[in-house]
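**Student:** When you get a sec, could you build the whole thing from the sequences and use the hints?
There are 2 protein chains.
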Amino acid sequence: MGIIIKDALAVLPVNGEDVIGKHSIYIDGDKIVGIDNEPEGFKADTTIDGKDRLVIPGLINAHTHTYMSMMRNCADDLSFMDWLFKTIDPIEGQLRDEDAYWGSLLGQLEMIKSGTTMFNDQQMHIHQTTKAVMESGMRASICRGLVGGEYDRNDVRLNQALEEIEDGKKCDRLSFFFGPHAPYTCGPEYLRMCADVAKEKGLGIHIHLSESVTESENMMKDHNCTPIEYALNAGVFDVPTIAAHCVQVTPDDIKILADKKVSVVTNPASNMKLGNGFAPVPEMMAAGVNVCLGTDGAASNNSQNMFREMGYLSLIHKGTHKTPQCISAKEVFKIATINGAKALGKGDEIGSIEVGKKADLAILRLDVPSMMPNNNLLAALCYSASGSEVDSVIINGQIIMEKREVKTIDEERVYFEIREMCKRLGLADKTY
Amino acid sequence: MGIIIKDALAVLPVNGEDVIGKHSIYIDGDKIVGIDNEPEGFKADTTIDGKDRLVIPGLINAHTHTYMSMMRNCADDLSFMDWLFKTIDPIEGQLRDEDAYWGSLLGQLEMIKSGTTMFNDQQMHIHQTTKAVMESGMRASICRGLVGGEYDRNDVRLNQALEEIEDGKKCDRLSFFFGPHAPYTCGPEYLRMCADVAKEKGLGIHIHLSESVTESENMMKDHNCTPIEYALNAGVFDVPTIAAHCVQVTPDDIKILADKKVSVVTNPASNMKLGNGFAPVPEMMAAGVNVCLGTDGAASNNSQNMFREMGYLSLIHKGTHKTPQCISAKEVFKIATINGAKALGKGDEIGSIEVGKKADLAILRLDVPSMMPNNNLLAALCYSASGSEVDSVIINGQIIMEKREVKTIDEERVYFEIREMCKRLGLADKTY
Chain A
661 MGIIIKDALA
671 VLPVNGEDVI
681 GKHSIYIDGD
691 KIVGIDNEPE
701 GFKADTTIDG
711 KDRLVIPGLI
721 NAHTHTYMSM
731 MRNCADDLSF
741 MDWLFKTIDP
751 IEGQLRDEDA
761 YWGSLLGQLE
771 MIKSGTTMFN
781 DQQMHIHQTT
791 KAVMESGMRA
801 SICRGLVGGE
811 YDRNDVRLNQ
821 ALEEIEDGKK
831 CDRLSFFFGP
841 HAPYTCGPEY
851 LRMCADVAKE
861 KGLGIHIHLS
871 ESVTESENMM
881 KDHNCTPIEY
891 ALNAGVFDVP
901 TIAAHCVQVT
911 PDDIKILADK
921 KVSVVTNPAS
931 NMKLGNGFAP
941 VPEMMAAGVN
951 VCLGTDGAAS
961 NNSQNMFREM
971 GYLSLIHKGT
981 HKTPQCISAK
991 EVFKIATING
1001 AKALGKGDEI
1011 GSIEVGKKAD
1021 LAILRLDVPS
1031 MMPNNNLLAA
1041 LCYSASGSEV
1051 DSVIINGQII
1061 MEKREVKTID
1071 EERVYFEIRE
1081 MCKRLGLADK
1091 TY
Chain U
661 MGIIIKDALA
671 VLPVNGEDVI
681 GKHSIYIDGD
691 KIVGIDNEPE
701 GFKADTTIDG
711 KDRLVIPGLI
721 NAHTHTYMSM
731 MRNCADDLSF
741 MDWLFKTIDP
751 IEGQLRDEDA
761 YWGSLLGQLE
771 MIKSGTTMFN
781 DQQMHIHQTT
791 KAVMESGMRA
801 SICRGLVGGE
811 YDRNDVRLNQ
821 ALEEIEDGKK
831 CDRLSFFFGP
841 HAPYTCGPEY
851 LRMCADVAKE
861 KGLGIHIHLS
871 ESVTESENMM
881 KDHNCTPIEY
891 ALNAGVFDVP
901 TIAAHCVQVT
911 PDDIKILADK
921 KVSVVTNPAS
931 NMKLGNGFAP
941 VPEMMAAGVN
951 VCLGTDGAAS
961 NNSQNMFREM
971 GYLSLIHKGT
981 HKTPQCISAK
991 EVFKIATING
1001 AKALGKGDEI
1011 GSIEVGKKAD
1021 LAILRLDVPS
1031 MMPNNNLLAA
1041 LCYSASGSEV
1051 DSVIINGQII
1061 MEKREVKTID
1071 EERVYFEIRE
1081 MCKRLGLADK
1091 TY
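Going down the list, the protein sequences come from chains A and U. Per this note's numbering, numbering through the first sequence is continuous, rising by one, with the last residue being 1092. Per this note's numbering, numbering through the second sequence is continuous, rising by one, with the last residue being 1092.
Derived by calculation from the structure, the hints in this document are not laboratory data. Do not take every clue at face value.
Which copy is meant is left open, so a pair is good if it fits within one copy or across any two.
As the list claims (entries may be wrong) - With a Cα cut of at most 16 Å, we get these calculated EDC-like pairs of lysine to aspartate or glutamate:
| # | residue 1 | residue 2 |
| --- | --- | --- |
| 1 | K1017 | D690 |
| 2 | K982 | D742 |
| 3 | K711 | E1072 |
| 4 | K982 | E877 |
| 5 | K920 | E1062 |
| 6 | K1006 | D690 |
| 7 | K1083 | D742 |
| 8 | K666 | E823 |
| 9 | K1063 | D712 |
| 10 | K920 | E1072 |
**Tutor:** Given below as structure tokens:
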């Protein structure tokens, strides 16, 4: 299928800098095949008028748990450990596999509608998120969350994870990481086993690290090291690693993350909401760490909208550092796009608008108050846009949303199933 | 004109607490005349189906400069004093009066589309914001920004302010404050004169206080006091005062603000963006200060969307205080509604859905991903909503927006005028 986006403003990389200019973009199959120059023999089935439109590379949500969208707003204003172990875990215990499928579709609906084209998911219900991705048309990197104590190659979850990875090979929009949950839920031997299996299978690791103060304090008490050092010692960083959170990190931790080329996913809303604080993002960037951006699950954020997250990222460090110069809109936009692509091993495939890359794009309206005047649109994306400016979304060359209508997901059915599920789980508010 | 909103979920105050339940709301003329009980002889010209809808009191943006919306994204990532004196002031100097009119309409469009029904504006162009409000149908409290050194009752700006107030009496949606800009732009005698005139005329004062570190340091060097003490000494707090920002405040300052019943408007996005930091909101609330919420102008925020602002307010203090309990979604919602009404002297008229109050309402869609599941909607308003859920807006009993179409403002004309203006002022990006 050929698509032209004609004479639109577009964010394109020029010598490593994002620059906005007027361009026409040619898409054939799953790829961008031309920018401004129409390839020979190109045939367009669809032409999208670029007037008053801005084309951006699809945003990459580098850490989430999409199935948790059905737990949105069910556990607010609680401390991290109470949130996790007293509220979320008991709900998890009651979930049926298909609840996770509908939950993931809800999260994906929210992401598509706010311009995200790929997400990196850690989940607990084998085959459910992958099934939802196959249907939604999104691109995703998925891992099954792993927790345990011993070095046990017969671990049930471990083998479920490997089975899911094998099964997922049939969809080219799916890729996989290996997902030991966190140092406080994985004993040192279990974590080493995960690292060994990841190395053998050529997989990267997606792990939560240094999220709460309690985690760091307990780690120091029990193992006399930081969570980052604990993961280092278990061999985790010997494979490409995506570390979510990294809030409570020391200068030495930052050095380790940089040296071992760990990609860090910052999750500002979740970290604030659970009282974990602010990750030292400017310091990690200065040390050369590849920082990317994630929403975390909707149970802790409570949103899957990357525009909200770009807003938080672009502002909070200016507040904590009392300097407006410590992170720029341009840097935030890279963090939300190409840095996420690099973390997921896809820096050559997605994350920017370039000939030969996959056609993963979001098209935003510029004739709306939040984008007006159209004078510095990279700033507008971070400081003014809400995500509702996203008018159309193309993933892997397929038009997934057109004029805000998602073509691959039956929205009403999703809402119906989510409502029924919440009634069953007792999550619906009793007053109505 | 009679309007029924039939069988909708609605946020209503019950014994001082916001509670959500299913209700029908009856509107006649500019007022809410019934909730659940249809008044005798009531005739509806319009019935709004409440299925999948949430009705909230319109949000109150308690500190902004709407005309500055035309300067959105023109001065980012600069220090406060460079932002104000090197970038914004030179643009201000080139503005024609009608630029301020179109700028204000742009800001009001953005506010209406994100559920704000009243704003408190400090502006520099006499008659322009008032003219825009008369046309838009919004409710507003307006003051002309005043700067000067001497005790001079013949001051030009002072008399412009008084003239505008006189002229504004013809619109019942308009009210006025008196607007000495800030301690760093008003000498002690000028500020005393403003306080005296406000007292004589029965007006409140709307002032910027303790925004930047530089302001506080200079004040201590030059006057050996804090900006709050400076305003206290000039007699400002002898009239009802709305103090914007109050970021750099001491425990003694907080005591003064509480004792003198000063309403504080916190502007989290602007304070972060300009590197001013975080106002001690939980501490001010604990001291009994009436805290309300504002966006500040779009030149520093860069948004007029109060949902963004509720998101920031609900999260940043959990981050700085490392505790999720220090401010709740319920408190944030009050701050964005009834507290603003009280600050503006309108606590009996607006800020909540009650029989006898003005019909200033926003109606949100619940059948959208960000509000799903519909299980704790006050949390959803703060943590998940982007503002685009707002489907219809009623102000003073008039339907101002219906299904996202604003009926009082010609959107395309506003965008055209803003674009022309930005070209003339050299604000349009040169690359496109």
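**Student:** Please go over all the hints and tell whether each is borne out by the structure.
**Tutor:** Hint check results:
For the identical chains of this complex, K1017 and D690 are intra-copy neighbours only, at 9 Å inside a copy versus 56 Å across copies, given an alpha-carbon limit of 16 Å. In the homo-oligomer, the alpha carbons of K982 and D742 lie at most 16 Å apart only across protomers (14 Å), although the nearest pairing inside one protomer, at 32 Å, exceeds that limit. Taking CA atoms no more than 16 Å apart as the test, K711 paired with E1072 passes between copies only; the shortest distance there is 14 Å, against 31 Å inside one copy. Taking the closest pair of Cα atoms, K982 and E877 come within 16 Å of each other only across two copies (15 Å); inside a single copy the shortest separation is 28 Å, beyond that limit.
For a Cα distance limit of 16 Å, the shortest separation of K920 from E1062 qualifies neither inside one copy, at 42 Å, nor across copies, at 55 Å. With identical chains, the CA atoms of K1006 and D690 are at most 16 Å apart within one copy only, with a shortest distance of 15 Å there and 57 Å across copies. In this homomeric assembly, K1083 and D742 never come within 16 Å of each other (Cα to Cα): the closest approach is 23 Å inside a single copy and 55 Å across copies. In this assembly of identical chains, K666 and E823 lie within 16 Å of each other by CA distance neither inside one copy nor across copies; the values are 44 Å within and 52 Å between.
For the homomeric pair K1063 and D712, the shortest alpha-carbon distance inside one copy (13 Å) is at most 16 Å, but the shortest distance between copies (22 Å) is not. When the C-alpha separation of K920 and E1072 is checked against a cutoff of 16 Å, the pair qualifies neither within a copy, at 46 Å, nor between copies, at 53 Å.
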